[in-house]
Structures are given as C-alpha cells and as structure tokens.
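Chain A is fixed; fit chain B onto it per the hints.
There are 2 protein chains.
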Amino acid sequence: MMSLTRTSLEALDRIDPLSQIRALFELPDGVIYMDGNSLGARPKAVTARVTEVVEREWGVGLIRSWNDAAWMEMPGRVGAKIGRLIGAEADSVMAADSTSVNLFKMLGVALSLRPDRNVIVSERGNFPTDLYIAEGLAALLARGHELRLVEPGAVEHAIDERTAVVMLTHVNYHTGAMYDMAAITARAHAMGALALWDLAHSAGAVAVDLAGCAADLAVGCGYKFLNGGPGAPAFLYVAPRHQAAARYPLTGWLGHAAPFAFETSYRPAPGIHRAIVGTPPVISLAALEVGVDIALQAPMEAVRAKSLRQTAVFSELVAQECAGFDLHQITPADPAHRGSQISLAHPHAYEIMQALIARGLIGDFRAPDVLRFGVTPLYLRFADLWDGVQILKSVLQTQEWRDPRFAVRRRVT
Amino acid sequence: MMSLTRTSLEALDRIDPLSQIRALFELPDGVIYMDGNSLGARPKAVTARVTEVVEREWGVGLIRSWNDAAWMEMPGRVGAKIGRLIGAEADSVMAADSTSVNLFKMLGVALSLRPDRNVIVSERGNFPTDLYIAEGLAALLARGHELRLVEPGAVEHAIDERTAVVMLTHVNYHTGAMYDMAAITARAHAMGALALWDLAHSAGAVAVDLAGCAADLAVGCGYKFLNGGPGAPAFLYVAPRHQAAARYPLTGWLGHAAPFAFETSYRPAPGIHRAIVGTPPVISLAALEVGVDIALQAPMEAVRAKSLRQTAVFSELVAQECAGFDLHQITPADPAHRGSQISLAHPHAYEIMQALIARGLIGDFRAPDVLRFGVTPLYLRFADLWDGVQILKSVLQTQEWRDPRFAVRRRVT
Numbered sequence: 001m002m003s004l005t006r007t008s009l010e011a012l013d014r015i016d017p018l019s020q021i022r023a024l025f026e027l028p029d030g031v032i033y034m035d036g037n038s039l040g041a042r043p044k045a046v047t048a049r050v051t052e053v054v055e056r057e058w059g060v061g062l063i064r065s066w067n068d069a070a071w072m073e074m075p076g077r078v079g080a081k082i083g084r085l086i087g088a089e090a091d092s093v094m095a096a097d098s099t100s101v102n103l104f105k106m107l108g109v110a111l112s113l114r115p116d117r118n119v120i121v122s123e124r125g126n127f128p129t130d131l132y133i134a135e136g137l138a139a140l141l142a143r144g145h146e147l148r149l150v151e152p153g154a155v156e157h158a159i160d161e162r163t164a165v166v167m168l169t170h171v172n173y174h175t176g177a178m179y180d181m182a183a184i185t186a187r188a189h190a191m192g193a194l195a196l197w198d199l200a201h202s203a204g205a206v207a208v209d210l211a212g213c214a215a216d217l218a219v220g221c222g223y224k225f226l227n228g229g230p231g232a233p234a235f236l237y238v239a240p241r242h243q244a245a246a247r248y249p250l251t252g253w254l255g256h257a258a259p260f261a262f263e264t265s266y267r268p269a270p271g272i273h274r275a276i277v278g279t280p281p282v283i284s285l286a287a288l289e290v291g292v293d294i295a296l297q298a299p300m301e302a303v304r305a306k307s308l309r310q311t312a313v314f315s316e317l318v319a320q321e322c323a324g325f326d327l328h329q330i331t332p333a334d335p336a337h338r339g340s341q342i343s344l345a346h347p348h349a350y351e352i353m354q355a356l357i358a359r360g361l362i363g364d365f366r367a368p369d370v371l372r373f374g375v376t377p378l379y380l381r382f383a384d385l386w387d388g389v390q391i392l393k394s395v396l397q398t399q400e401w402r403d404p405r406f407a408v409r410r411r412v413t
Numbered sequence: 001m002m003s004l005t006r007t008s009l010e011a012l013d014r015i016d017p018l019s020q021i022r023a024l025f026e027l028p029d030g031v032i033y034m035d036g037n038s039l040g041a042r043p044k045a046v047t048a049r050v051t052e053v054v055e056r057e058w059g060v061g062l063i064r065s066w067n068d069a070a071w072m073e074m075p076g077r078v079g080a081k082i083g084r085l086i087g088a089e090a091d092s093v094m095a096a097d098s099t100s101v102n103l104f105k106m107l108g109v110a111l112s113l114r115p116d117r118n119v120i121v122s123e124r125g126n127f128p129t130d131l132y133i134a135e136g137l138a139a140l141l142a143r144g145h146e147l148r149l150v151e152p153g154a155v156e157h158a159i160d161e162r163t164a165v166v167m168l169t170h171v172n173y174h175t176g177a178m179y180d181m182a183a184i185t186a187r188a189h190a191m192g193a194l195a196l197w198d199l200a201h202s203a204g205a206v207a208v209d210l211a212g213c214a215a216d217l218a219v220g221c222g223y224k225f226l227n228g229g230p231g232a233p234a235f236l237y238v239a240p241r242h243q244a245a246a247r248y249p250l251t252g253w254l255g256h257a258a259p260f261a262f263e264t265s266y267r268p269a270p271g272i273h274r275a276i277v278g279t280p281p282v283i284s285l286a287a288l289e290v291g292v293d294i295a296l297q298a299p300m301e302a303v304r305a306k307s308l309r310q311t312a313v314f315s316e317l318v319a320q321e322c323a324g325f326d327l328h329q330i331t332p333a334d335p336a337h338r339g340s341q342i343s344l345a346h347p348h349a350y351e352i353m354q355a356l357i358a359r360g361l362i363g364d365f366r367a368p369d370v371l372r373f374g375v376t377p378l379y380l381r382f383a384d385l386w387d388g389v390q391i392l393k394s395v396l397q398t399q400e401w402r403d404p405r406f407a408v409r410r411r412v413t
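Protein chains in written order, with the working numbering: chain A, 1 to 413; chain B, 1 to 413.
Just chain A, with the same shape it has in the complex:
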C-alpha cells in the first residue's frame, strides 16, 4: 500500500461531499477536535437561536410562549427529527431528560412488557450508567431480577427464555466496537425477549435502522454526535407496537392524558407522549434542535462512508507514523463492527492524552489505558487526521508526556 501523505489527504477533503458542513460549526484555531463523541462541537447558529428563545420567547412572550412559540411541542418535534436519523417510525421518539433517566424509563417499560421474566442481559463493558441504572432498578423492585453481564461475543448465547430484555450500547464507548443490531434483536425476539438499544455513540454517526431491525426500545444522547451542547436533553424510542401497553415507572404530569385537567389519578397520555415526565427544558431543547437540523442536512450514507474512511485513515496513519511506540488498537478493523472512533491502548494513555491536549489534539482518556479518538464526519477533515497523528508521533518521540504536569489527575477525564 502507498504511504499516506498530507497531500493525499487534502485530496480526499477536496472531494468530500460533506466538506461544506464544517463551516456551520465553530472550531477554535489551533485545535484538532477528536472528542466529538464526548461533546460535539458548537453549531454557529446556536447563539442566535438560544438568544431568540431567551429574549423573545421567554422575555417577551413569557408564559404565553408555551402555546405561541410551541414550547410544549418541542419534545415531540425534536424527537421526530432525531427519529429520522435513526430509522424510527413516526411518533415513536421524544427528546427529554438525560440518557440515564430515559434508560430507567425504557427498562421499566421493558419489564412491564415481560412481567414473567426476570433477567436483563447486557455486556460487562457497557457504559457504566447503563449498568448502574439497571442495577438500581433491580434493587428497587426487589423481585429477584438478575443483571446478567457477559462478554460481547457471548451476548446471543446468554439470551434465554428467562430474559426479559437485552440492553446493549450499539457502539461501545470504550472500544468503538459495534453490534449487529438486526441479528441480536432477532435473537432476542426468537427467545421472546425485547431489545433495548443505547444509541449514544450511534445517533448521527452510523446508520441505524430501528424500524428495519424491529428494535423494541432505544435511548440516546443529545450532546455527542448530535451536537446539542453540554448536557443536552437525551432521547428515547418506543416501537409503535409497544406504546399502548407500555407502563412507565416515571409518571409525571406532562405524560398524563390531560395535564391541565389536574386530575388526582394518573392516566397515561396516548402513544409516546406518556414518555414525558416534567416540564420540557426549552432552552436546551432549542440548542439541541439546531444540532439535529444540521445532522439532517447530511445524508447518512455519506456520513457513514466518510466516518469509515476517516477511521481507516487514522488507523493506517498511526501504523505508518507511530510504529514502535507500544500503541495497540482495540477498535475492530472490520468496518461492519466499527463505530466512529479509534481507541488505542497504551500503558501511559492518561499522560499521553494530557500532552496531546496541551498540543491541541483533543481526544480523551478512558480508564484504565485507552486513548480515544472520535471521528465526527460533519466537521473533521482528512488533513486534520494527518496533523493529529503528527502531534501524536511527536509527543511519543519526544516523550514530553513524561512531564509531571501531565500526570496530574483532573476530575473529568
């Protein structure tokens, strides 16, 4: 194979069908941003939209904006837009709460739909909040639910006739490995179980077809590939066939059939609307909607094609430029099993990542030993990959990561 050069990568940028979208984002000078799978970059249009919500809708419209500015419609409107990115049916997605809270709702719904089963199957290396929420719900119910944690390759075998729900993160936060959603969902259904997918590292980054896979339930994150801002509202999905029977553990007034009738007893709203609990976070939803609107401009096939090309290029560049530095890629090489990141293990990953960030290459560290580089096709250039790997190479060659300041542990890593 020919060596990659900056020139050859610049050529890829020139033919990139998504290249114009980068201009919609604010990206600071001197930064190569490969952490969009932790916090997406800021769409430039967010300032104007948030200012409009604050000054006109809130400041002038005041309480009237719940009707006049359609605030009450926002969870469904933004949810429907996200639904288009993940292959969801109409009226099956809501933007609300946090991923963790939504996961609690969806697990509660799953157990309500499978009352005679008591096993939740998941992956030991799943993102911790998924495991913690499941553990907490099982402890709360105190009815002997088992959280059965296995290795990724053992998931299908672990699903049996006691399994209520298989709860997996489609793309693993740590390794970047991606499950075959259709196959695992089919296996769950064959055993009478439900499939609940966490799309935190999928929505906006890889092609997802919830309806086509016959997925049952899903949740996902607004602040990663959807670029909704720090702590943006999350989303949830309930397949239309389950909506009427779904019983939610969180039964708030805005999920009531008639919130403003102020009835004493809870009556669930129709369909997906019962997924709403409290008052929608209007300002945050407005920021999220700007990010989602940009994602809808980019055909998902083009996003996925560029993502796979960029992860392949990054992987190849690391092999070409950084051989001999004890880096070990843990992300699968097979495109069918790879999300939109490259994770590299190294014994001194923490210090190396701090040194990279000081040089302007922003990825993140994931305990205990992973350098994680997210690929965000909407704003990352191929030339950035070259420049980033040159920084990585330089940091490794000079061993500047051994500077004691890079060993200082920060709260958020």
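Do not take every clue at face value.
Note: identical chains are not told apart, hence a pair may lie in one copy or across any two.
What the hints assert, rightly or not - Straight-line distance between alpha carbons at most 20 Å, and here's what the computed SDA-like set of lysine to any residue pairs gives:
#1 44 - 60
#2 393 - 293
#3 44 - 64
Calculated directly from the structure, the hints in this document are not laboratory data.
Only chain B this time, still in chain A's reference frame:
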C-alpha cells in the same frame, strides 16, 4: 378602612426596599405580569451569560470546559445557592433534573429510610405530578404501598405508625394556602415518619427554614420564583443526617463514587452527590444561576413582607373595585397560611382569564374555575396591582370575556 388609590400604591412603591431589583428583569411594555409563579420573568443578564456559555465555554473550551469552566461543579454550586434561600445546611441541595424526577428520587429515598412502613400521606389537592409520581412509584414497587390522600386540615391526623413519609407541597398551587412546615414535620417525626416538602411555590417567594424545621427531604422548581427560564432544572434537598443511609432509585454514573473509573457496579458517591444521575444540563443551569443570584440579593424578610403586603392589597382592591361580580377568593386571608398568590374562583374563570391576557394582565387559569394571580415581589410594583385590578374590573363590567374567541381552549392553560 380608607379606600386604596393608585396614588397611595405609588407611595408604597417609592418606599419599597426591593424597587431597584425590578430593573434587573426584562418586562415587556403593556404587560402586567402576575404569572411568575408559573414562569418567572427573564433576568436581563441571562442573555450575556448564556451566550458566554455557548460561545466561549462550549464553542472554544469544548470538552475541556468540564474542568476549566467548572461545569461539573454546577449542580452543587447552584444547589448551594438555592439552599441559602430555603434554610438548608451546607452540602444538602443539588440542582438537577425536573421537579417530577427529583420527587421520584426523594420518595424512593424516603421509602428506603422507612422500609417497614407502607403509607405515603398527601393532600388530595396536591399538585398532580406529586400524586402521579407517588402513584407510579407505588405501582412499580408492587409491595402494597398506599397513597393516602386527605384534605389539608386532616393531614396531621392522617399520619400514623404506618406512615413512611408525608409528602406535601408547602404552598398549594391552586389555592395558595401554605402549610405550617414546622408543625407538620414535628407531627411526622413524632409518629416516626419523614417529611418531604415540595417547595415549587415557596423557594424565592416565602421564608423557608428547612434546617430549622428539621425537614427530611425537599424538592422544588427552578422556573417559577427563581426565574431560571422555561423548563429550568429543578432542585432537591436531603437533610445531612439522612445522606449516608439514603438509597436512590435512580443510580446514574455521575452519582457514582468514581464516575471516571468506569466500574461495573454502582457505588454511591458521598453525601448529596449521589443525587446526581446523568450529565448536568449546563446551558440551563447557567440560566438558572443568574435567576438565583438575583434572588440572593433580596433579603428574604423583605421579599416576604412585600409579598404579604401585595397579596393583601390585591385582595383588598378586588373587594373594593370588583364587588358584585361573583368573584370568590379561595386563598386564605390569614398571612400565616398564605403563599404568594391570590386565587379567585369564578364560574367563567377560563374565559375571563383569556380576556385579561388579551388586555395585558397575565395570570393563569387553573381548572375548573380559578383565576390565579401570582405575586412576585422582585419585579411586581404596587401600582401594577392597581392597574391590573382596573383591567379585571373593566373586563367584568363590559363582559368582554363573553366574546367567543376567549372560549377557545388552548393546550397550555
């Protein structure tokens, strides 16, 4: 008693020690805003602060701002500020999630602290989300918990040795009636039960002394008297003596003792920190903090004194100007039992309120028959009360509320 006049009310404005604070809020021309107990007015400084968060902290700082801009500290920092408004001890309040979700957490904590008891006592006329959340939690647990709903005067008698927790909204959203927090908390404790207070209509409006009352748990709202913006994050309180034993039903990664260790099993963070579930909503928290900072500028005694004076004046003006129009005040006349609103029952309350709003007097309708007028001492003037009651009088005299357009039901009322 001498009649009230606009001149006499202008005189009260001139000696109002809080009069300068109004200038910190945006209040549109032609509007008399008496719905700050539903959605508080916008602090002018919100635009600049939110823009700073969006453009500098998110746009330039990107993921680094979790450390560099202290985003991770926001729930605790904003929570501590709210704590000063409600008489909470240090490290006992967090700003997070919605009131409904926080109520679910606090009810779960309460039941975990009283595992041998199975009754939740509340008021039949409590705000519905409180009742729905309790009903949903009881259904989820399926262990025979009873939600015992009584009339306000029967609450103390309803607390018995089976009562795990008394859950009340301190100031009733509908009537504006206020409970004696110290007395009911003492009665709960005497029976071995806990007291959980919803401060939605109290925080920032009336004097609250959680520590002094020995309250056990509390929740409250960020978008009413705290002026945090539409759908602002809510807050919760856990008395220090309960924090170590508190088991939460929602166990998310940011409530873990070591979130970035990515452990497989949940270990609760120390103290109040385990109350956090998912990633904090940074932009919304920043807006809320601006509102809370303003509330902290106003001595609570002055706020409460002005609030009581204004509700008294409004009540008196209605009696003086609108006699004979079938208005019936349901808010207690006794200041010790009155929050910061005046609720007036009328058979055509819905239509009348729509007509008032069209004329620029914004209150709200509460089913089935209440005109609700919130008093927000930080930005409401005594002269506004005169002008507002003149509008009310005119709408009643002219019967313009009979125009069919005012009978059209809007989604949010």
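A quick look at each hint next to the structure:
no. : hint      : verdict
1   : 44 - 60   : between (24 Å within a copy, 11 Å between copies)
2   : 393 - 293 : neither (37 Å within a copy, 47 Å between copies)
3   : 44 - 64   : between (28 Å within a copy, 19 Å between copies)
Hint violations for this structure: number 2 only, all remaining hints satisfied.
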